[in-house]
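Trainee: Given next are the chains, with one letter for each unit.
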Amino acid sequence: MNTAINPCDARRLIRYHDNELPAGERQAVADHLAQCSRCRRALAQQQHLRRFVQQAANGAAARTPRPDVESALLARIKNRGASPPATPRSWSPRRWAPAAALALATLVVTVIYNPWPEAVVSREPSAIVESFHGNVSTVMILQTQTTGQTIVWFNEISEPDGESDGNQSAPPAVDRSAHPAADRQRSVGRA
Amino acid sequence: MLILLLTGSGAWAGPKVKINIKTVLASQSKKGVDGQLRAMTQELNSVFKYSSYQLLSKERMVLNLNQTGRAKLPGNRALTITPTRILGNRVELKLAIFQKKRQQFATVFQLLNHGSMIVGGPRHNKGHLLFNISGDY
Numbered sequence: 524m525n526t527a528i529n530p531c532d533a534r535r536l537i538r539y540h541d542n543e544l545p546a547g548e549r550q551a552v553a554d555h556l557a558q559c560s561r562c563r564r565a566l567a568q569q570q571h572l573r574r575f576v577q578q579a580a581n582g583a584a585a586r587t588p589r590p591d592v593e594s595a596l597l598a599r600i601k602n603r604g605a606s607p608p609a610t611p612r613s614w615s616p617r618r619w620a621p622a623a624a625l626a627l628a629t630l631v632v633t634v635i636y637n638p639w640p641e642a643v644v645s646r647e648p649s650a651i652v653e654s655f656h657g658n659v660s661t662v663m664i665l666q667t668q669t670t671g672q673t674i675v676w677f678n679e680i681s682e683p684d685g686e687s688d689g690n691q692s693a694p695p696a697v698d699r700s701a702h703p704a705a706d707r708q709r710s711v712g713r714a
Numbered sequence: 094m095l096i097l098l099l100t101g102s103g104a105w106a107g108p109k110v111k112i113n114i115k116t117v118l119a120s121q122s123k124k125g126v127d128g129q130l131r132a133m134t135q136e137l138n139s140v141f142k143y144s145s146y147q148l149l150s151k152e153r154m155v156l157n158l159n160q161t162g163r164a165k166l167p168g169n170r171a172l173t174i175t176p177t178r179i180l181g182n183r184v185e186l187k188l189a190i191f192q193k194k195r196q197q198f199a200t201v202f203q204l205l206n207h208g209s210m211i212v213g214g215p216r217h218n219k220g221h222l223l224f225n226i227s228g229d230y
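Chains as they are written, first to last, in this note's numbering: chain A, 524 to 714; chain B, 94 to 230.
These are calculated hints, taken from the structure and not from any lab test.
Think of the CB as a built atom: it goes at the ideal place given N, C-alpha and C, for glycine as much as any other residue.
Take these hints with a grain of salt, some might be off.
Said to hold, decoys possible - Covered stretches of chain A, going by a simulated chain B footprint (3 or more residues, C-beta under 8 Å):
1. 560–566
2. 651–659
3. 663–669
To be verified - Pairwise CB distance ranges, derived in the manner of DEER restraints:
4. B:Gln121 x A:Thr669: 19 to 29 Å
5. B:Gly168 x A:Ser654: 20 to 30 Å
6. B:Arg195 x A:Thr669: 29 to 39 Å
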């Protein structure tokens, strides 16, 4: 049975980086690296990560107050190194960076475009008008933009001896042009 | 004994509805906003274009259901308000405005608990009267 070898095998690349491959296979990986930019980038990332970990370890070692503890820890690390490698490399920040960036971008797009903010803006009205009647010419029911406060506006029919000035078309001072919210009135009717 | 205790504590009276009525004169002939109305007028500016808001009076009532409260208004007017029932988080109110004992306008509305609404329109002193009605129970 002929088993096809994946030339971009990440595990093989890591073993190459760690000098764990036999000479023949090591040469094959080197030949592959010469023509595969993706594997070269992966190798460079691996080298960068290794340097980062070494620097961190060196810094920690420099701060270790007891050489006996340090040597015991190093011995334990060495012993672990002998066992088959687990995959701590999968937690490389660089490896997870694209996924994190994608998640962040998705979150931003969701926050910007989803309908939740609109639902917050269109609050329920402070009052629901069931009925109205009276000696009036027109009644308007409006709702303010921010808090959804209900406004019931009526124009009185002028009384000969009353205070109303008879100017029924006088504005309730609704500023429709400047504030489209005024156009979101629930109803305009005659009582 | 139990009946006496319950009656004495008002357990049979049902919910008390607290109602505040602010009477405001809005006009374009003056300038300036009453300090007590600043929050309200900021909201109203999205709808109206008055240059002046003046607080004329404030009334506070505590009413049982189906009990009517009355407030005097400028220009021989009066306002009556009656809470009729509680509907979830709203109280149903009947409101009527009279001028010289004649009913000019009446409406029935459901006001959000701790909410407020504005009824406006009557002309007064080169402006319009607004009534800010808030209630809770």
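Trainee: Give a verdict on every hint.
Mentor: Cross-check of the supplied hints:
1. 560–566: Our answer is that it is violated, as 0 residues pass the Cβ test (under 8 Å) against chain B, missing three.
2. 651–659: Per the Cβ count (9), the hint holds.
3. 663–669: The restraint on the stretch 663–669 of chain A holds, since 4 of its residues have a Cβ under 8 Å from chain B and three suffice.
4. B:Gln121 x A:Thr669: 19 to 29 Å: 23 Å Cβ-Cβ, so the 19 to 29 Å window holds.
5. B:Gly168 x A:Ser654: 20 to 30 Å: 25 Å, holds
6. B:Arg195 x A:Thr669: 29 to 39 Å: 37 Å, holds
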